[in-house]
Each structure stands twice: as C-alpha cells, then as structure tokens.
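Residue numbers (our numbering): 81 to 412.
If you are wondering where the hints come from, they were derived from the structure by calculation, not from laboratory data.
For each label pair, taking beta carbons as the anchor points, the in silico distance ranges come out as:
#1 K169 x M287: 25 to 31 Å
#2 G269 x K223: 32 to 38 Å
#3 A262 x R381: 35 to 41 Å
#4 A282 x P213: 40 to 46 Å
#5 S354 x E319: 15 to 21 Å
#6 A208 x G242: 17 to 23 Å
Using 20 Å as the maximum straight-line C-alpha spacing, the simulated SDA-like pairs for lysine to any residue come out as follows:
#7 K263 x L316
#8 K169 x K278
#9 K278 x S168
#10 K356 x Q300
#11 K229 x K263
#12 K372 x N400
#13 K263 x K320
#14 K283 x K382
#15 K278 x A184
#16 K243 x E219
#17 K248 x A208
#18 K148 x P176
#19 K372 x T154
#20 K248 x V222
#21 K223 x Q246
#22 K263 x Q313
#23 K148 x G406
#24 K229 x E319
#25 K155 x M376
#26 K223 x L316
#27 K243 x T226
#28 K372 x Q288
Where is the CB? At the ideal position from N, CA and C, for every residue including glycine.
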Amino acid sequence: MPPTFARLFALAVLLVLWPAAQAGIHKCLNAQSKVFYQDKPCQDLTTANLPSHLAEPGAPSQRQFLWKATSLSTKGEAYLLGSLHFGSKDMYPLPPKITDAFNAADVLVVEADLQGALASEAVKKLMADAVYPEGDSLEEHVKPGTWRKLISVSKSLGIPDGKLRQQKPWLAALTVMTESLAKSGFDPGLGIDKAFVKDAGAKKPIMQMESAEIQIQLLQALTPLEQEQWLLQAALDAEKGPALFQEVVDAWSKGDGEAMDLIVHHSFDSSPTSTKLYQIFFADRNVAMAKKIEEMTADGRKYFFVIGAGHLSGDQGIVNLLEQKGFHVEQP
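Please model the entire structure based on the sequences and the hints provided.
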C-alpha cells in the first residue's frame with residue numbers, strides 16, 4: 081500500500097468516530113464556576129436547565145470519561161472509556177482512575193485493529209477504490225458551490241487542490257478533517273486508543289469491536305448526496321478553527337457525557353440526509369456495539385473497552401443501551 085493510502089486508511093477508521101464540534105454549543109460557567117455546555121447563549125441559563133451534576137454546589141468534578149458497566153444477570157464487568165482518536169501532549173499522562181481501570185482488566189477491546197488491517201489485501205483494494213480513475217475528478221461529482229468552498233478551505237490548510245481532485249468525497253472529507261485537526265495541534269499518533277494498544281503490548285489480549293474493512297465499507301456505502309453533505313460539513317467545520325475541536329477535548333477531560341452528546345447531535349442538522357448520517361455513523365453502530373459488549377462480558381472476564389467518545393452518552397448511546405439490557409452503569 082503506498083504511504084499516502086496507509087495514512088488515509090488510518091484516518092478513515094479513526095475519523096468516522098470523531099464527533100465534529102459545531103457552532104451553537106456555548107461554553108458557560110455556573111454559580112460555582114463549573115464549566116458546562118449548552119445549545120443556547122449562557123445568559124439564557126437558569127439553574128433548572130443545568131445538567132444535574134453541575135446544578136449542585138461543591139468541589140470541581142473529578143469525573144473522567146469512563147463508565148463501569150456490570151451485568152445484573154451474569155455479573156460480567158466492563159469499563160467503557162470514551163476515546164479521542166486524536167490527541168495532544170497535554171492530555172498525558174492519563175488520570176490514575178483511567179489507568180487503574182485498565183490495569184484491573186483482563187482484556188483490552190478497541191474499535192479496529194489498525195496494525196493488522198494495514199497489511200490486508202481487502203483494505204488495499206478498498207482504499208484503491210477511494211480515488212477516481214485518470215480522466216475523472218471530484219469536481220465533476222459535487223455541486224459547484226461545494227467545490228468552491230472546498231478549494232477555499234484547502235488553500236487555507238495548505239492542501240494542494242490536485243490532491244483532493246482525485247479523491248472521492250468521503251476521502252476528501254477525511255483529508256480536510258485531519259489537516260484541520262493537525263493545524264489545530266492535534267495528532268492521530270497521540271490518540272487515546274493508540275496509547276492503550278501500545279501499553280497493552282504482550283500484557284493483555286487485544287480484541288476489536290469492528291473490522292477495519294467494515295468501517296471503510298461503511299464510508300464507501302454512503303450515497304453521493306450523503307458523501308457530499310459530509311464533505312461540505314467538513315469544509316465548513318475547518319473554517320471555524322481549533323475552538324470547535326477544543327470543545328470536544330474539554331467535554332472529554334471533564335467526563336461530561338451530556339456535553340459530548342450535545343456536541344455530537346449538533347454535528348447533524350435536521351435534514352433527511354444529515355439525519356441518516358447520524359443513524360449510520362452513531363445510532364446503528366451503538367446498537368451493534370452494545371450487543372457485542374453484552375456478549376463479551378458474559379464469559380466472566382473483565383474488559384476495558386476504548387470506544388469513540390461520541391458513542392457512549394445520550395439516549396441512543398451505549399451507556400443507555402446497556403442499562404436497557406440490565407446492566408448497572410456508573411461513572412466511577
């Protein structure tokens with residue numbers, strides 16, 4: 081696989097799980113100077129509207145983006161850590177509460193095994209299909225307004241338009257997203273999941289929730305309209321700069337599932353295409369992952385799951401789905 085494809089393959093697997101921060105999320109302080117997020121200006125705040133854990137006075141929260149799930153029927157246990165697939169040096173070392181949970185587990189479970197997947201012939205073919213043949217280009221497959229916006233953003237990010245011209249919309253969206261993240265100071269090599277895979281080494285078995293092939297096929301199966309919608313949104317997000325991505329990091333570092341769920345939902349508007357993208361990227365996969373967690377934990381071992389942070393909280397999140405399956409779930 082050419083180096084460029086290897087890099088973009090990793091992005092395809094990682095970025096499909098990265099919740100894109102959107103305008104309309106407001107970072108506010110309550111009376112006790114605790115940070116929280118809401119989808120209305122801070123001056124509209126009343127105490128009744130606060131998330132429950134922020135409405136009460138007291139010391140700053142020490143929560144992490146970590147949940148412990150225990151099956152009330154099988155007594156199986158799992159730790160669920162929300163992962164950021166890009167990171168920065170100031171995120172490390174991770175808090176002891178997280179590393180202690182990892183050390184207590186028997187098995188590490190990540191979303192996809194990238195190391196093995198990079199050598200896969202299936203993955204090589206999938207990524208080769210992500211570019212147009214000679215004589216065809218992205219410009220011919222998107223609306224003129226989308227193309228103009230993409231060229232404008234690519235120039236600000238230092239991406240040669242010739243590079244994007246050969247990529248299909250979903251891959252071009254990933255390219256824009258990763259270059260925007262990099263410009264904002266985030267590095268895929270410092271992602272939370274990669275840190276745990278490295279730490280597990282030969283000490284713990286490493287399993288995966290989804291195959292890399294399935295994740296790329298998920299992207300390739302998007303309709304042309306869905307791909308263009310995602311590409312346009314990636315370009316619009318890139319224009320807004322690092323503050324958008326920092327909102328995700330802030331919510332993660334404070335263990336604030338409610339804020340993360342709000343950010344994720346603001347990544348999708350109310351249009352039918354955007355609603356379907358949410359269903360594909362989050363809702364359907366959350367159901368499948370919750371089922372797999374239920375099946376895995378039935379064997380009596382303790383599992384440490386590292387799952388994209390946008391998948392855990394909210395009504396359609398994995399935490400709520402596990403509670404519906406009879407798990408007791410808490411943030412330790």
